[in-house]
Amino acid sequence: QQPVQSPQAVILREGEDAVINCSSSKALYSVHWYRQKHGEAPIFLMILLKGGEQKGHDKISASFNEKKQQSSLYLTASQLSYSGTYFCGTEIRAQGAQKLVFGQGTRLTINP
Amino acid sequence: DVKVTQSSRYLVKRTGEKVFLECVQDMDHENMFWYRQDPGLGLRLIYFSYDVKMKEKGDIPEGYSVSREKKERFSLILESASTNQTSMYLCASSLLGPYGYTFGSGTRLTVV
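Protein chains in written order, with the numbering used here: chain A, 407 to 518; chain B, 5 to 116.
Among the hints, a few may not be true.
Taking lysine-lysine and the DSSO-like style, the derived pairs with C-alpha atoms no more than 30 Å apart in a straight line are [said to hold, decoys possible]: (1) B:K57 x B:K75; (2) B:K61 x A:K473; (3) B:K75 x B:K59; (4) B:K7 x B:K61; (5) B:K61 x A:K443; (6) B:K61 x B:K75; (7) B:K22 x B:K59; (8) B:K74 x B:K59; (9) B:K7 x B:K75; (10) B:K75 x B:K17; (11) A:K432 x A:K443; (12) B:K22 x B:K7; (13) B:K59 x B:K17; (14) B:K57 x B:K7; (15) A:K432 x B:K57; (16) B:K7 x A:K465; (17) B:K74 x B:K61; (18) B:K22 x B:K61; (19) B:K61 x A:K432; (20) A:K456 x B:K61; (21) B:K74 x B:K57; (22) B:K75 x B:K22; (23) A:K465 x A:K443; (24) B:K22 x B:K57; (25) B:K7 x B:K59; (26) A:K432 x B:K22; (27) B:K57 x A:K443; (28) A:K474 x B:K22; (29) A:K432 x A:K473; (30) B:K17 x B:K7; (31) A:K443 x B:K7; (32) B:K17 x B:K57; (33) B:K7 x A:K456; (34) B:K59 x A:K456; (35) A:K474 x A:K432; (36) B:K74 x B:K22; (37) B:K17 x B:K74; (38) A:K443 x B:K75; (39) A:K456 x A:K473.
No wet-lab data here; the hints were simulated from the structure.
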């Protein structure tokens with residue numbers, strides 16, 4: 407029931423754009439996106455709720471298509487600081503409680 | 005800022021030992037989670053709790069148990085450590101509802 411992320415790895419030059427996809431086989435209540443730098447804790451980026459909304463801040467945005475059970479993360483005009491591993495987390499309701507199931511991660515490398 | 009503190013950054017234990025990993029959060033969050041992170045597998049949910057003394061199995065609970073006697077503290081217990089439990093363990097917490105998770109810095113456990 408782990409969501410599938412694609413691609414597994416991306417290498418970009420500074421200023422280029424990237425799209426990371428997250429696909430689930432289960433009905434979703436929400437999708438979270440996190441970024442983790444090497445040796446650090448994952449940091450929460452944003453959450454998308456049912457309703458097909460699109461959210462974003464700065465040059466990082468995301469969309470959520472609940473019918474297709476997919477979400478995409480968009481990084482525009484990438485900066486060196488965007489490097490890291492990105493995880494999507496899909497919320498599943500189980501035993502009356504909410505839990506997140508994470509994808510395997512997408513490693514993003516931004517070169518100058 | 006919400007802080008999630010894990011008691012040890014690095015831990016080395018012997019096979020068969022009982023191991024306790026402690027996690028404390030300081031923002032009155034209802035939800036607490038234990039994940040393990042392994043290369044190529046992302047973050048996998050071991051156990052979670054949405055209230056004091058409540059616990060729910062995640063996707064890989066075998067060989068683990070948990071304890072939540074106080075709202076701010078969530079302990080992960082390895083009943084009899086084995087080498088296949090060598091991993092990075094991440095604790096997280098969140099408010100009930102559609103909110104992001106805050107992760108601790110992780111405990112890298114090596115079982116020899």
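For each hint, the structure was consulted:
1. B:K57 x B:K75: 9 Å, holds
2. B:K61 x A:K473: 28 Å, holds
3. B:K75 x B:K59: Within the cut-off at roughly 12 Å; holds.
4. B:K7 x B:K61: Roughly 24 Å between the alpha carbons, so the hint for B:K7 and B:K61 holds.
5. B:K61 x A:K443: 28 Å, holds
6. B:K61 x B:K75: 18 Å, holds
7. B:K22 x B:K59: 20 Å, holds
8. B:K74 x B:K59: Roughly 12 Å between the alpha carbons, so the hint for B:K74 and B:K59 holds.
9. B:K7 x B:K75: 14 Å, holds
10. B:K75 x B:K17: OK: B:K75 and B:K17 at ~28 Å, within 30 Å.
11. A:K432 x A:K443: 28 Å, holds
12. B:K22 x B:K7: 27 Å, holds
13. B:K59 x B:K17: OK: B:K59 and B:K17 at ~25 Å, within 30 Å.
14. B:K57 x B:K7: 21 Å, holds
15. A:K432 x B:K57: 29 Å, holds
16. B:K7 x A:K465: 27 Å, holds
17. B:K74 x B:K61: 19 Å, holds
18. B:K22 x B:K61: 19 Å, holds
19. B:K61 x A:K432: Given pair B:K61, A:K432 holds - Cα atoms ~18 Å apart, limit 30 Å.
20. A:K456 x B:K61: Holds, at about 25 Å.
21. B:K74 x B:K57: 8 Å, holds
22. B:K75 x B:K22: 23 Å, holds
23. A:K465 x A:K443: Between A:K465 and A:K443 the Cα gap is close to 18 Å, so the pair holds against 30 Å.
24. B:K22 x B:K57: 21 Å, holds
25. B:K7 x B:K59: 21 Å, holds
26. A:K432 x B:K22: 36 Å, violated
27. B:K57 x A:K443: Not OK: B:K57 and A:K443 at ~33 Å, beyond 30 Å, violated.
28. A:K474 x B:K22: Given pair A:K474, B:K22 is violated - Cα atoms ~44 Å apart, limit 30 Å.
29. A:K432 x A:K473: Holds, because 11 Å separates the two Cα atoms, which is no more than 30 Å.
30. B:K17 x B:K7: 26 Å, holds
31. A:K443 x B:K7: 18 Å, holds
32. B:K17 x B:K57: 27 Å, holds
33. B:K7 x A:K456: Holds: B:K7 and A:K456 sit about 28 Å apart, inside 30 Å.
34. B:K59 x A:K456: Status holds; Cα separation ~26 Å.
35. A:K474 x A:K432: Holds. A:K474 to A:K432 sits at ~10 Å (cutoff 30 Å).
36. B:K74 x B:K22: Distance of about 21 Å is within 30 Å: holds.
37. B:K17 x B:K74: 26 Å, holds
38. A:K443 x B:K75: Measuring from Cα to Cα gives roughly 29 Å; hence the hint holds.
39. A:K456 x A:K473: Holds. A:K456 to A:K473 sits at ~9 Å (cutoff 30 Å).
In this structure, the hints that do not hold are numbers 26, 27 and 28, in rising order.
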